[in-house]
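Protein chains: 2
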Amino acid sequence: MKIAVLGTGMVGQAVAGGLTRVGHHVVIGTRDPEATLARTDTDGMGNPPFSAWHAEHGDVELATYADATSGADLVVLAGNGFAALDMVTAAGADNLAGKVLVDISNPLDFSAGFPPSLFVKDTDSLGEQIQRAFPDVRVVKSLNTLTAPLMVDPKLLDESTTVFVSGDDADAKATVTDLLASLGHDDVIDLGGIETARGTEMFLPLWLRTMGALGTGMFNVKVVR
Amino acid sequence: MKIAVLGTGMVGQAVAGGLTRVGHHVVIGTRDPEATLARTDTDGMGNPPFSAWHAEHGDVELATYADATSGADLVVLAGNGFAALDMVTAAGADNLAGKVLVDISNPLDFSAGFPPSLFVKDTDSLGEQIQRAFPDVRVVKSLNTLTAPLMVDPKLLDESTTVFVSGDDADAKATVTDLLASLGHDDVIDLGGIETARGTEMFLPLWLRTMGALGTGMFNVKVVR
Chain A
1 MKIAVLGTGM
11 VGQAVAGGLT
21 RVGHHVVIGT
31 RDPEATLART
41 DTDGMGNPPF
51 SAWHAEHGDV
61 ELATYADATS
71 GADLVVLAGN
81 GFAALDMVTA
91 AGADNLAGKV
101 LVDISNPLDF
111 SAGFPPSLFV
121 KDTDSLGEQI
131 QRAFPDVRVV
141 KSLNTLTAPL
151 MVDPKLLDES
161 TTVFVSGDDA
171 DAKATVTDLL
181 ASLGHDDVID
191 LGGIETARGT
201 EMFLPLWLRT
211 MGALGTGMFN
221 VKVVR
Chain B
1001 MKIAVLGTGM
1011 VGQAVAGGLT
1021 RVGHHVVIGT
1031 RDPEATLART
1041 DTDGMGNPPF
1051 SAWHAEHGDV
1061 ELATYADATS
1071 GADLVVLAGN
1081 GFAALDMVTA
1091 AGADNLAGKV
1101 LVDISNPLDF
1111 SAGFPPSLFV
1121 KDTDSLGEQI
1131 QRAFPDVRVV
1141 KSLNTLTAPL
1151 MVDPKLLDES
1161 TTVFVSGDDA
1171 DAKATVTDLL
1181 ASLGHDDVID
1191 LGGIETARGT
1201 EMFLPLWLRT
1211 MGALGTGMFN
1221 VKVVR
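Listed in order, the protein sequences are those of chains A and B.
Residue 165 in the working numbering sits at position 165 of the first sequence, and the numbers go up by one each step.
Residue 1137 in the working numbering sits at position 137 of the second sequence, and the numbers go up by one each step.
Calculated directly from the structure, the hints in this document are not laboratory data.
A virtual CB, placed ideally from N, CA and C, is assigned to each residue, including glycine.
Certain hints may be false.
Reference listing, derived: stretches of chain B covered by chain A, where coverage requires no fewer than 3 residues with Cβ under 8 Å from a Cβ of chain A [as the list claims (entries may be wrong)]:
(1) 1074 to 1083
(2) 1187 to 1199
For the chain A half of the interface with chain B, some residues (derived, Cβ under 10 Å), not all of them [unchecked claim]:
(3) Asp-73
(4) Leu-183
(5) Arg-198
Pairs of lysine-lysine, DSSO-like flavour, derived with a Cα cap of 30 Å [said to hold, decoys possible]:
(6) Lys-1099/B with Lys-155/A
(7) Lys-222/A with Lys-155/A
(8) Lys-155/A with Lys-1155/B
(9) Lys-222/A with Lys-1155/B
(10) Lys-1222/B with Lys-1155/B
(11) Lys-222/A with Lys-1222/B
(12) Lys-2/A with Lys-155/A
Could you put together the complete structure from these sequences and hints?
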């Protein structure tokens, strides 16, 4: 499948690398590809610049949000929550029309420090905001409940764990469930319509505090039933 | 241990029964014991009246919130979220001073239907509200992330699963962790201070939607790491 991954940060890199590894053709979308490749400084978290990652992943193309999206069969939104709607806008409603958009972003607000609060919650969600703003896109919220390395390689854990899908379009959720299976996810719970994204987004406060308690983000929940 | 369970609903009944089964001396607290025993109608959910349960659990005493609490070594708050602060008030700050209060309530607001929203979240929690209102009580938030039958008998599931504790007093959390172990909980994650109750309370929106998807509340998460 031709997949556009919107976002060049750690999550975008991990998702692009993982999807490439299992045989997909990935184009990463960014606002200004030349500027993205020209940056040589580490980011605010001390991570190396995108160019360092890209030098080791030459099979992953870099293009504008719009160009990456127009050529893709499926789009993954891997940006930070505050930027999400702007990134989808830049990808272009026409380029996205009818396509599946996998939204893995979270509405985290770090303005008051760590742990962050959520800038939308409980009676609305970021997934719903994107679906409302782009009604012709088939939004599926998924993978926002675990750390990026495990999103694309859940077998790094010793046991099978659970991921979730939320979305209004059953075919789109089936497509995403197949994509998840190609990455190694063998327990996918379909929560229902896109409004159920409120559930997975509101899991983040527990995820963040569990990460704090365990001292690592390399964990995931298994729904035992 | 002598344990007061505040609340006569399905959660209070399950917790009282489970604690009795593993050898604790349990007194259930209610506003008006005579009135509670006199009710013969089913509740809003179609559950039988307390008296029917009590007839089969004669070893569990029923007393006022205050009397149940004054004689107890440890208190479990098993009421609904909206009533929680009133129930602790009725139990009495003096009766509770220095004691461990296990808060298993959740701030669920069903006024707009199902699934409920949360009436406190993200920048505060019900656990914190109780701790602030009763500074001499040692509040430990726990067990609010799973259904009542599994709170007291996690081995009903085929695999070990995870529960959490949040609280400001390390000794109180150790006491609760021992109590949890007596019920069969062998994976307890200490999330930190009482403010981490925000995490487990905000898990409810995902728990409720997972229950909807699975068609049962008989599940729990295992944190695989």
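Cross-check of the supplied hints:
1. Proximity of the region 1074 to 1083 of chain B to chain A, defined as three or more residues with a beta carbon under 8 Å from a beta carbon of that chain, is not established by the 0 residues found.
2. Residues of the region 1187 to 1199 of chain B with a Cβ under 8 Å from some Cβ of chain A number 7, which satisfies the need for three, so the listed coverage holds.
3. Given hint, Asp-73/A at the interface with chain B, is violated; its Cβ is 27 Å from that chain's nearest Cβ, farther than 10 Å.
4. Given the 10 Å rule on beta carbons, the hint for Leu-183/A is violated: about 16 Å separates it from the nearest Cβ of chain B.
5. Contact between Arg-198/A and chain B, as hinted, is supported at the beta carbon level, the nearest pair being about 5 Å apart and thus within 10 Å.
6. Straight-line distance between C-alpha atoms of Lys-1099/B and Lys-155/A comes to about 44 Å, which puts the hinted pair past the 30 Å bound.
7. About 13 Å separates the Cα atoms of Lys-222/A and Lys-155/A, which keeps this hinted pair within 30 Å; it holds.
8. Note on Lys-155/A and Lys-1155/B: the hinted pairing holds, with a Cα-Cα distance of about 26 Å set against a maximum of 30 Å.
9. Annotation: proposed proximity of Lys-222/A to Lys-1155/B holds, straight-line Cα distance about 16 Å (limit 30 Å).
10. For the hint linking Lys-1222/B to Lys-1155/B, the alpha-carbon distance of about 13 Å falls within 30 Å, and the restraint holds.
11. A distance of roughly 5 Å separates the Cα atoms of Lys-222/A and Lys-1222/B; the hinted pair therefore holds under the 30 Å criterion.
12. Between Lys-2/A and Lys-155/A the alpha-carbon distance is near 24 Å, which keeps this suggested pair within the 30 Å criterion.
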